[in-house]
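There are 2 protein chains.
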Amino acid sequence: MAKAIKPTILVVNDDGITAPGIKALIEVMQEIGQVIVVAPDSPQSGMGHAITIGKPLRLDKVDLYEGVEMYKCSGTPVDCVKLAVNVVFQGKKPDLCVSGINHGLNNSINVLYSGTMSAAVEGAIESIPSIGFSLDDFTLEADFSATKKYIRQIAEQVLNHGLPQATLLNVNFPNTKDIKGIKICRQANAKWAEEFDERLDPHKRKYYWLTGVFQVNDQGEDTDVWALEHQYASVVPVQFDMTAHHAMSFLNSWKFND
Amino acid sequence: MAKAIKPTILVVNDDGITAPGIKALIEVMQEIGQVIVVAPDSPQSGMGHAITIGKPLRLDKVDLYEGVEMYKCSGTPVDCVKLAVNVVFQGKKPDLCVSGINHGLNNSINVLYSGTMSAAVEGAIESIPSIGFSLDDFTLEADFSATKKYIRQIAEQVLNHGLPQATLLNVNFPNTKDIKGIKICRQANAKWAEEFDERLDPHKRKYYWLTGVFQVNDQGEDTDVWALEHQYASVVPVQFDMTAHHAMSFLNSWKFND
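Quick note, the sequences are listed as chains A and B, same order.
Per our numbering, the first sequence runs over residues 37 to 294.
Per our numbering, the second sequence runs over residues 37 to 294.
Keep in mind that the hints were calculated from the coordinates and are not lab data.
Certain hints may be false.
The list that follows gives simulated cross-link-like pairs (lysine-lysine, BS3-like), each with its CA atoms no further than 25 Å apart [claimed, not checked]:
| hint | chain 1 | residue 1 | chain 2 | residue 2 |
| --- | --- | --- | --- | --- |
| 1 | A | LYS291 | B | LYS185 |
| 2 | B | LYS242 | A | LYS108 |
| 3 | A | LYS242 | B | LYS91 |
| 4 | A | LYS91 | B | LYS91 |
| 5 | B | LYS129 | B | LYS97 |
| 6 | B | LYS219 | A | LYS291 |
| 7 | B | LYS213 | A | LYS291 |
| 8 | A | LYS240 | B | LYS97 |
| 9 | A | LYS240 | B | LYS219 |
| 10 | B | LYS291 | A | LYS216 |
| 11 | B | LYS108 | A | LYS242 |
| 12 | B | LYS91 | A | LYS108 |
| 13 | B | LYS240 | A | LYS91 |
| 14 | A | LYS227 | B | LYS129 |
| 15 | A | LYS240 | B | LYS108 |
| 16 | B | LYS129 | A | LYS242 |
| 17 | A | LYS91 | B | LYS227 |
| 18 | B | LYS227 | A | LYS128 |
| 19 | A | LYS291 | B | LYS42 |
| 20 | B | LYS91 | A | LYS227 |
| 21 | B | LYS97 | A | LYS242 |
| 22 | B | LYS291 | A | LYS213 |
| 23 | B | LYS242 | A | LYS97 |
| 24 | B | LYS291 | A | LYS219 |
| 25 | B | LYS216 | A | LYS291 |
| 26 | A | LYS184 | B | LYS291 |
| 27 | B | LYS240 | A | LYS108 |
| 28 | B | LYS227 | A | LYS129 |
| 29 | B | LYS185 | A | LYS42 |
| 30 | B | LYS184 | A | LYS291 |
| 31 | B | LYS128 | A | LYS242 |
With the C-beta cut set under 7 Å, the calculated list includes, among others, these residues of chain B facing chain A [as the list claims (entries may be wrong)]:
| hint | residue |
| --- | --- |
| 32 | GLN70 |
| 33 | ILE72 |
| 34 | ILE220 |
If you're wondering where the values come from, they're calculated on a predicted model, not measured in any experiment.
Even glycine gets a Cβ: it sits at the ideal position worked out from N, Cα and C.
All chains, please: the whole structure from these sequences, using the hints.
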């Protein structure tokens with residue numbers, strides 16, 4: 037009997053290649069496939085879909101975990117995916133792209149700000165089945181153990197069934213040992229209400245720290261916010277056609293002069 | 037007769053506060069409202085929806101153009117909008133947020149990578165009617181003169197009619213003196229095919245420049261790519277609910293074990 041060929045799995049993140057979250061994700065992916073890691077050499081949280089245009093990129097092999105081919109990249113999470121596809125895989129695409137596990141939630145509107153999710157979006161743009169994983173714990177001491185069986189199941193389902201074209205998954209976990217199960221959700225309507233912390237530097241010049249409060253404007257029980265509040269893992273299918281199709285007829289009613 | 041109160045207009049960009057494109061946009065906006073500029077102190081192209089988390093932000097008043105209140109910001113285009121709303125406007129929102137005019141197109145998938153468009157998205161998240169403007173010319177010598185009458189009309193329409201909730205506009209102009217008119221479009225299905233330019237530094241270490249070719253996989257005549265190719269200005273309504281609603285039932289058919 038021929039030995040089954042293991043799927044190739046690209047692992048990326050935004051917290052940097054030494055983060056505990058990516059180590060946990062690598063461990064799960066090693067159970068089901070051949071893992072190649074391309075991750076930022078420094079933390080890239082909040083980098084969204086940024087790419088590096090004005091300066092060159094470094095990509096260097098590193099040897100952190102036994103039996104895992106790993107590269108650190110000087111760029112953003114999206115740069116990592118682009119370099120992985122073009123330089124590391126040389127156009128031969130991986131069977132799966134997983135991003136995370138992020139230290140901190142990427143539910144709701146955070147999908148826009150998150151480097152973790154933007155890396156997964158970039159994987160999907162490259163027609164690779166892609167998933168972003170995040171846990172509701174910002175600390176370096178975050179405990180990812182309860183998430184692992186769900187991550188494995190979700191990754192296996194994606195490998196078995198594929199995903200609809202131009203669609204990826206945004207998976208978020210509550211910070212509990214007792215995850216109740218998985219809910220397929222929509223992105224909740226929520227936003228950050230910023231509160232800039234204004235300070236003076238030693239030279240008496242002002243500077244600002246960005247802080248904020250997460251505001252949920254959505255009572256729905258079909259949202260990722262609801263699922264996480266009720267101790268479920270939330271799975272949101274994500275697409276990257278930003279067109280507001282529902283607004284077309286309204287705009288077409290406007291009159292413009294030549 | 038009471039004097040009509042002019043609308044307040046926040047102007048932002050991603051090419052930096054000294055770019056010719058933002059000067060052109062300021063000139064148009066001064067015709068219709070009271071302009072306040074908050075723009076990056078350095079070029080921020082390709083920054084997408086990045087925000088600055090790990091370091092503080094600077095925001096300093098500058099005096100570049102007569103009669104215009106202007107601030108330069110050390111952060112990303114999205115940071116600029118957040119600081120504008122919270123520190124400059126102190127929660128009293130502007131009537132309109134315009135971003136650009138970008139030196140280079142932001143049509144199709146570029147809406148994800150573009151700092152110009154992400155600033156407009158952030159404006160919309162803040163419930164401010166928002167528009168991003170871009171011209172198909174990357175150079176500093178770009179000629180924005182033909183775009184001005186369209187920019188004014190589109191801005192006035194948005195001020196008069198408003199926009200549907202959580203919707204903004206992505207406006208792109210062809211690089212021609214003879215713009216044929218305005219087309220309401222959807223985002224074309226296209227992507228960048230990367231071609232990394234591998235080089236050796238003086239110490240014989242490899243580095244990479246990100247380059248690429250824009251690949252359009254869309255024959256539709258209702259897209260922004262089609263409109264621009266045919267010398268029309270493209271107007272795409274944009275929304276930021278990334279949920280792939282069409283994929284819900286497929287995902288709900290998956291079986292997970294407890």
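Do the hints match the structure? See the list:
In summary, the hint linking A/LYS291 to B/LYS185 is supported, as the alpha carbons are separated by about 14 Å, within the 25 Å threshold. At most 25 Å may separate the alpha-carbon atoms for a hinted pair to count; B/LYS242 and A/LYS108 meet this at roughly 13 Å. For the given pair, A/LYS242 sits about 14 Å from B/LYS91 by alpha-carbon distance, which is consistent with the 25 Å threshold. With a CA separation close to 20 Å, the supplied pair A/LYS91 and B/LYS91 stays within the 25 Å bound.
Straight-line distance between C-alpha atoms of B/LYS129 and B/LYS97 comes to about 19 Å, which keeps the hinted pair within the 25 Å bound. With a C-alpha separation of about 11 Å, the suggested pair B/LYS219 and A/LYS291 falls inside the 25 Å cut-off, and the hint holds. Distance check on the hinted pair: B/LYS213 and A/LYS291 sit about 22 Å apart at the alpha-carbon level, within 25 Å; holds. Distance restraint check for A/LYS240 and B/LYS97: the Cα-Cα separation of roughly 16 Å lies within the 25 Å cut-off, and the hinted pair is therefore satisfied.
With a C-alpha separation of about 51 Å, the suggested pair A/LYS240 and B/LYS219 falls outside the 25 Å cut-off, and the hint is violated. A threshold of 25 Å between alpha carbons decides the hint, and for B/LYS291 with A/LYS216 the separation of about 15 Å falls inside it, so the pair holds. Distance hint between B/LYS108 and A/LYS242 is fulfilled; the C-alpha atoms sit about 13 Å from each other, no more than 25 Å. Between B/LYS91 and A/LYS108 the CA atoms are separated by roughly 22 Å; this keeps the pair inside 25 Å, and the hint holds.
Simply put, B/LYS240 and A/LYS91 have alpha-carbon atoms about 18 Å apart, close enough for the 25 Å limit, and the pair holds. The suggested pairing of A/LYS227 with B/LYS129 holds, with an alpha-carbon distance near 16 Å, which does not exceed 25 Å. Restraint check for A/LYS240 and B/LYS108: the C-alpha separation of about 18 Å stays at or below 25 Å, so the hint holds. Of the supplied pair hints, the one linking B/LYS129 and A/LYS242 holds, its CA atoms being roughly 23 Å apart against a limit of 25 Å.
Of the supplied pair hints, the one linking A/LYS91 and B/LYS227 holds, its CA atoms being roughly 21 Å apart against a limit of 25 Å. A C-alpha spacing of about 17 Å is found between B/LYS227 and A/LYS128, which places the hinted pair at or below 25 Å, so the restraint holds. Distance hint between A/LYS291 and B/LYS42 is fulfilled; the C-alpha atoms sit about 22 Å from each other, no more than 25 Å. Between B/LYS91 and A/LYS227 the CA atoms are separated by roughly 21 Å; this keeps the pair inside 25 Å, and the hint holds.
Pair hint B/LYS97 plus A/LYS242 holds up; C-alpha atoms about 12 Å apart against a cutoff of 25 Å. Proposed proximity of B/LYS291 and A/LYS213 is supported: the alpha carbons are some 22 Å apart, at most 25 Å. Straight-line distance between C-alpha atoms of B/LYS242 and A/LYS97 comes to about 12 Å, which keeps the hinted pair within the 25 Å bound. As the CA atoms of B/LYS291 and A/LYS219 are separated by approximately 11 Å, the hinted pair is consistent with the 25 Å bound.
Of the supplied pair hints, the one linking B/LYS216 and A/LYS291 holds, its CA atoms being roughly 15 Å apart against a limit of 25 Å. Straight-line distance between C-alpha atoms of A/LYS184 and B/LYS291 comes to about 17 Å, which keeps the hinted pair within the 25 Å bound. Between the alpha carbons of B/LYS240 and A/LYS108 the distance comes to roughly 18 Å, so the proposed pair stays at or under 25 Å and holds. With a C-alpha separation of about 16 Å, the suggested pairing of B/LYS227 with A/LYS129 holds against the 25 Å cut-off.
Distance check on the hinted pair: B/LYS185 and A/LYS42 sit about 58 Å apart at the alpha-carbon level, beyond 25 Å; violated. For the hint linking B/LYS184 to A/LYS291, the alpha-carbon distance of about 17 Å falls within 25 Å, and the restraint holds. Of the pairs offered as hints, the one joining B/LYS128 and A/LYS242 holds, with about 22 Å between alpha carbons and a cut-off of 25 Å not exceeded. Given the 7 Å rule on beta carbons, the hint for B/GLN70 is violated: about 23 Å separates it from the nearest Cβ of chain A.
Taking 7 Å as the C-beta contact cut-off toward chain A, the hint placing B/ILE72 at the interface is violated, the least distance being around 17 Å. A distance limit of 7 Å between C-beta atoms decides the matter here; for B/ILE220 the minimum to chain A is near 5 Å, and the interface restraint holds.
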